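If you read the sequences in order, they're chains E and D.
Sequence positions in the first sequence follow my numbering and run 489 to 726.
Sequence positions in the second sequence follow my numbering and run 2 to 289.
Read the hints as simulated data drawn from the structure, not as lab findings.
The structure displayed is predicted, hence computed values, not measured ones.
Some clues are possibly wrong.
As the list claims (entries may be wrong) - Now the stretches of chain D that chain E is said to cover, found in silico as 3 or more residues with beta-carbon under 8 angstroms: (1) 162-169; (2) 181-188.
Stated by the list, open to error - As a list, the in silico DSBU-like pairs of lysine-lysine whose alpha-carbon atoms are at most 35 angstroms apart: (3) E:Lys642 / D:Lys88; (4) E:Lys557 / D:Lys88; (5) D:Lys89 / E:Lys563.
Even for Gly, the Cβ is constructed at its ideal location relative to N, Cα and C.
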Amino acid sequence: MLEIRDVSTSYGQIKAIRSISLDVPQGKIVALIGANGAGKTTTMKTITGLLVPDSGTIHFEGRRVDGLKPHQLVKAGLALVPEGRAILGQMTVQENLEMGAFQRNDTAGIREDMEKMMSWFPILKERLNQLGGTLSGGQQQMLAIARALMSRPKLLLLDEPSMGLAPIVVSDIFKTIQEINREGTTVLIVEQNVKQALKIADYGYVLEAGQIVLSGTGQELLANERVKEAYLGGRKVQ
Amino acid sequence: MFWQQLVNGLTVGSTYSLIAIGYTLIFGVLGIINMAHGQIFIFGSLVGLVLITEADMPLGVAFLAAVVVSAILGLILEYTALRPLRKKNVPHLASLISTIGFAILVEEAMHKLFGADSRAVPVSLGSEMYDLGIVQVRGVDIIILAVSVVLMFVLHFWINRTKMGKAIRATAENNETASILGINTNMVIVTTVVIASALGGVAGCLIGLAYSALIPTMGLNLGFKGLAVLILGGVGSITGAMVCGIILGIAEVFSVAYGDSSYRDAVAFGLIILILLIRPQGLFGRKV
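Next comes chain E alone, as it looks inside the complex (with noise of 0.2 angstroms):
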């Protein structure tokens, strides 16, 4: 579904990643695992257009999106989920789920995908009229993730979703995002809680410094030794 090849972005005179490839299949759920400053954020902010690549190629469903503005690529069924939420504070939640559904005319099926969002995060509907900002964490995560999918994206990308939460509300998370693949939403998730993403993903990648350096299923990933290493705090080799 998501085919990128050999895609490196800068920030000015910094690439931040280098020649990236990377595959998303219709129906799964892929992770994009790495440390802090890896990369993980500039992947997914090029993959959604707030970053032009330098080279390489990016494609959806068949056609090539590199270069596209970011609500043309909300058109064509892409919706991120922001790193660090990014609610509309001065907007209530009500509104803030309407601009998630802003590319869509249906009144018919905005007013019901919106029932939907309250029966899957019911606190949502007690926060209707509530700024945006008064939120707690998870719930901005929730909000985040319900704004989102008012779009009826076909890949949903979820950039750090468990940043800063509870491990009981990350779990929620989680569990909530298989339920969201199994209704038939592709997922790409960028995590540092990499034991959570690895377990609920088919595939996974691990970013370091830029690059691709692994990849695999994600319990090939779980049980490799250099994965456990750097990332689940297992035992220093002797």
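Please arrange chain D on chain E, whose structure you already have, making use of the hints.
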């Protein structure tokens, strides 16, 4: 006397509010102060005035022309002075300077096209007086107040309730977030600049009616008043612009009525300094 002056203040102030709303809308989505705002709408209003005096057009047509010309100038500003800089990701100060450049060009164009002298507005519209018990009101004051208030209500509703209005608020809060939600932020910016300039065009016409004259240099003066209102109300706050425009108008009128007309601006701007000392973020601004 008191009530009479209050009505005068409301009338003048409501036009300041319209001007300040233009500043605040553009600041919201672009994060810059459009220093060409005053010149843009005085240019538009002068075009309207010339249509009346030279081409014998009816007032309605001239009014519409003034608004449309202001909106088009706003559009030109966006495409020549703002968007090219935005693409290059330069600091906001650069676009501040480019709007000043645009302001100078528009001002020079006005001198060339319309002359530097004051032009009388030959409309006898609303010169009759209405006796409302404690106050006597000119018809034109009623028109000015009615047009401004209705426009402000419409704008308030539009910004808060419509999809496009919400997209403007989303873009104002966070441009990047708005774009990943599927909002074409460039389109939102164009819409905002056009609406802000058109509102200015309305304000320019109303001021022409109130003073029965227009001068090219009014753009600079009125622009500064709009800016003062913007800061007083809290940058980015539409409610602040509405309320504080009227406060400034009333302060001005009262300083003339009970003091000395040459102290008008001093009193008004002194008041602003005083308020800012107490509330640096403006009356309706949020603490950063």
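How the hints compare with the structure:
no. : hint               : in the structure
1   : 162-169            : holds (count 3)
2   : 181-188            : holds (count 6)
3   : E:Lys642 / D:Lys88 : 30 angstroms, holds
4   : E:Lys557 / D:Lys88 : 13 angstroms, holds
5   : D:Lys89 / E:Lys563 : 25 angstroms, holds
Hint check: no violations occur; every hint is consistent with the structure.
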